[in-house]
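Take a look at the letters that make up each chain.
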Amino acid sequence: NAGVMQNPRHLVRRRGQEARLRCSPVKGHSHVYWYRQLPEEGLKFMVYLQKENIIDESGMPKERFSAEFPKEGPSILRIQQVVRGDSAAYFCASSPRRGKQPDTQYFGPGTRLTVL
Amino acid sequence: GDSVTQMEGPVTLSEEAFLTINCTYTATGYPSLFWYVQYPGEGLQLLLKATKADDKGSNKGFEATYRKETTSFHLEKGSVQVSDSAVYFCALSEGVTGNQFYFGTGTSLTVIP
Numbered sequence: 015n016a017g018v019m020q021n022p023r024h025l026v027r028r029r030g031q032e033a034r035l036r037c038s039p040v041k042g043h044s045h046v047y048w049y050r051q052l053p054e055e056g057l058k059f060m061v062y063l064q065k066e067n068i069i070d071e072s073g074m075p076k077e078r079f080s081a082e083f084p085k086e087g088p089s090i091l092r093i094q095q096v097v098r099g100d101s102a103a104y105f106c107a108s109s110p111r112r113g114k115q116p117d118t119q120y121f122g123p124g125t126r127l128t129v130l
Numbered sequence: 027g028d029s030v031t032q033m034e035g036p037v038t039l040s041e042e043a044f045l046t047i048n049c050t051y052t053a054t055g056y057p058s059l060f061w062y063v064q065y066p067g068e069g070l071q072l073l074l075k076a077t078k079a080d081d082k083g084s085n086k087g088f089e090a091t092y093r094k095e096t097t098s099f100h101l102e103k104g105s106v107q108v109s110d111s112a113v114y115f116c117a118l119s120e121g122v123t124g125n126q127f128y129f130g131t132g133t134s135l136t137v138i139p
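Protein chains in written order, with this note's numbering: chain S, 15 to 130; chain R, 27 to 139.
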């Protein structure tokens, strides 16, 4: 079984460009989470999505960042007009989310974004 | 709010030494607790977890016990190997709050031969 897939693994953008990060969850998982890891720091929650719905975006910056998880296809994290401070590793995780108990989250290898 | 505090690194140990990485948490309810490991250039891998008080999670020689009275989930291993060199993250999740994970800042471990 394939795990969480993320692409690209490395992405370089110039200031002002757009970055699109893709995440395909584990087959059968309908819950996706995005985290950001800044250098020398832990992971910070950004957004939690189910198919076609944003459940919790409390960790997402209010401007320039958006996320979606369409009925078909991967989840997309989109960063518009990138700035140097957006340089980080972005991790996607998925879970089956059965019931109300916390599920183990399975992480992808991450996308390392560098803004020049 | 929920949070996790873990021992700062980096930690350097000789092969076969005993490892402890401290982790304490703050939570409003009854969280599940996790340890994840991150090898260089890779994503996080689940190492072990515990879902209720007094549970012990274990995997690959690592252990951690969910201590509600001290709000702790310390990671231990009796004899580390060079291949254990990685960054270790303690995390908690409360399903009621949406299942987001709260991570500690990570502890870098280097094991030297």
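Be careful, since some hints might not be right.
What the hints assert, rightly or not - Below, computed lysine-lysine pairings styled on DSS-like, alpha-carbon distance capped at 30 Å: (1) R/Lys86 to S/Lys41; (2) S/Lys65 to R/Lys75; (3) S/Lys41 to S/Lys65.
Simulated from the structure, these hints should not be mistaken for lab results.
Now the hints, each set against the structure:
For the proposed pair R/Lys86 and S/Lys41, the alpha carbon gap of about 26 Å is at most 30 Å, so the pair holds. This hinted pair checks out: S/Lys65 and R/Lys75 have alpha carbons roughly 27 Å apart, not beyond 30 Å. With a C-alpha separation of about 13 Å, the suggested pairing of S/Lys41 with S/Lys65 holds against the 30 Å cut-off.
Hint check: no violations occur; every hint is consistent with the structure.
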